[in-house]
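Asker: Given chain Y, put chains A, H, Z, V and S in place with the hints provided.
There are 6 protein chains.
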Amino acid sequence: MSSELETGLPSIRQLQNFIRDGKEVELKLLTGDLLTGKIRWQDQHCFCLSDQYDQPTLIWRQAIAFIKPKM
Amino acid sequence: MSSELETGLPSIRQLQNFIRDGKEVELKLLTGDLLTGKIRWQDQHCFCLSDQYDQPTLIWRQAIAFIKPKM
Amino acid sequence: MSSELETGLPSIRQLQNFIRDGKEVELKLLTGDLLTGKIRWQDQHCFCLSDQYDQPTLIWRQAIAFIKPKM
Amino acid sequence: MSSELETGLPSIRQLQNFIRDGKEVELKLLTGDLLTGKIRWQDQHCFCLSDQYDQPTLIWRQAIAFIKPKM
Amino acid sequence: MSSELETGLPSIRQLQNFIRDGKEVELKLLTGDLLTGKIRWQDQHCFCLSDQYDQPTLIWRQAIAFIKPKM
Amino acid sequence: MSSELETGLPSIRQLQNFIRDGKEVELKLLTGDLLTGKIRWQDQHCFCLSDQYDQPTLIWRQAIAFIKPKM
Chain Y
1 MSSELETGLP SIRQLQNFIR DGKEVELKLL TGDLLTGKIR WQDQHCFCLS DQYDQPTLIW
61 RQAIAFIKPK M
Chain A
1 MSSELETGLP SIRQLQNFIR DGKEVELKLL TGDLLTGKIR WQDQHCFCLS DQYDQPTLIW
61 RQAIAFIKPK M
Chain H
1 MSSELETGLP SIRQLQNFIR DGKEVELKLL TGDLLTGKIR WQDQHCFCLS DQYDQPTLIW
61 RQAIAFIKPK M
Chain Z
1 MSSELETGLP SIRQLQNFIR DGKEVELKLL TGDLLTGKIR WQDQHCFCLS DQYDQPTLIW
61 RQAIAFIKPK M
Chain V
1 MSSELETGLP SIRQLQNFIR DGKEVELKLL TGDLLTGKIR WQDQHCFCLS DQYDQPTLIW
61 RQAIAFIKPK M
Chain S
1 MSSELETGLP SIRQLQNFIR DGKEVELKLL TGDLLTGKIR WQDQHCFCLS DQYDQPTLIW
61 RQAIAFIKPK M
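Taken in sequence, the protein lines are chains Y, A, H, Z, V and S.
Quick note on full-length UniProt numbering: the first sequence kicks off at 1 and runs consecutively.
Quick note on full-length UniProt numbering: the second sequence kicks off at 1 and runs consecutively.
Quick note on full-length UniProt numbering: the third sequence kicks off at 1 and runs consecutively.
Quick note on full-length UniProt numbering: the fourth sequence kicks off at 1 and runs consecutively.
Quick note on full-length UniProt numbering: the fifth sequence kicks off at 1 and runs consecutively.
Quick note on full-length UniProt numbering: the sixth sequence kicks off at 1 and runs consecutively.
Extracted from the complex, chain Y is given alone in its bound form (with noise of 0.2 angstroms):
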């Protein structure tokens, strides 16, 4: 488990530009799933969604597929 988060990484940028900006996205898991929601903050090992009602799901990144904007 390293300790620190590439901050100057496109990727680690791209995800903190969807953070401020309260994006919605397009999140496919590994799994399947495809989840939606806004991207309240990112570590080393998780993301945190919100969905409309505001409830916090954390998503692991080893789930992750692919993240999207919603169009």
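Keep in mind that the hints are not guaranteed to be accurate.
The list treats identical chains as one, so a pair stands whether inside a single copy or across any two.
Below 25 angstroms or equal to it, Euclidean Cα-Cα: the simulated BS3-like pairs (lysine-lysine) are [what the hints assert, rightly or not]:
| # | residue 1 | residue 2 |
| --- | --- | --- |
| 1 | K38 | K23 |
| 2 | K68 | K38 |
| 3 | K23 | K68 |
| 4 | K70 | K38 |
These are calculated hints, taken from the structure and not from any lab test.
Fair warning: this is a prediction, and the values are worked out from it, not measured in the lab.
Answerer: This is chains A, H, Z, V and S only, laid out in the frame that chain Y set:
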């Protein structure tokens, strides 16, 4: 196998909060299984989830897709 | 391939208890298989599970979703 | 999280060529999804793929099975 | 890519025994495939399994769920 | 991302032999896909497989279950 749990990370703290509060959670696994219960402890490899009969289940971090509070 | 099993971790100790007690367990794998038996030993890569005929099965840690005592 | 992309590796260079040439590619994911588009950038964790409407999708390396030029 | 196989581990030794004894084994993969044959050698990345026609198959450790002696 | 391919390992050498001999192989992926072709090169992350039309496919090591010579 690194030897410390990074307690400063938001995801680890969020899980510690679930443990402290005895929060009932839903765990989605990469197998597609959905488990429900209370998280008793966590270490670098596993969570221990106990169900309504207080039976412990050791769940590997590698198998987790997401965790959220049960509504 | 790190060379030591961290025997101080709760998950490793829990497994050592299952081994010591000859506890019958259920193992769910990421393949979806559910195996039943007694854990004989563990190392960094594998568990050895023996079934009712005392046949050993080497199970890779990477393949494990969860383990729980058989009810 | 290692901090550098090894630009000397054939696979990284091949991807850089796809980016430079604006090559349309097919990406097969471990979820079974097949995505089509142009790779905009890569870092250690992700590729950014843009589709025909120039919408970006962040794809995690861990989720990739293969990439090939679209015929 | 670490450069040594830890021959002191029970799982590595068990596999060496299967190799030495020409034991016929069943290999379950994370894909769900079940392969049968004799293990010829192992290294950090792979096993080499040969079938009844002595055809070699290179199997990646990451793909293995379990191995057991064929009954 | 480690920076060297360990050419002394049997699995790496076996693959180098397939490359040198222009051997036609079958590749089973963790997605369940079965690909056929000749391996052109390998690095730490990928293989490059070319099909009968000499189209290259970049295949990630993480996605491989097994490789065997085509019969």
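Asker: At 25 angstroms max between alpha carbons, let me know whether K68 reaches K38 within a copy, between copies, both or neither.
Answerer: both (11 angstroms within a copy, 15 angstroms between copies)
Asker: Please work out whether the CA atoms of K38 and K23 approach to 25 angstroms or closer within one copy, between two copies, in both situations, or in neither?
Answerer: both (6 angstroms within a copy, 23 angstroms between copies)
Asker: Can you give me the call for K70 and K38, within, between, both or neither, at a CA distance of at most 25 angstroms?
Answerer: both (10 angstroms within a copy, 19 angstroms between copies)
Asker: With identical chains treated as interchangeable, where does the CA-CA distance between K23 and K68 reach 25 angstroms or less: within a copy, between copies, both, or neither?
Answerer: For K23 and K68, both the intra-copy (10 angstroms) and inter-copy (21 angstroms) Cα distances are at most 25 angstroms.
In this structure, every one of the numbered hints holds.
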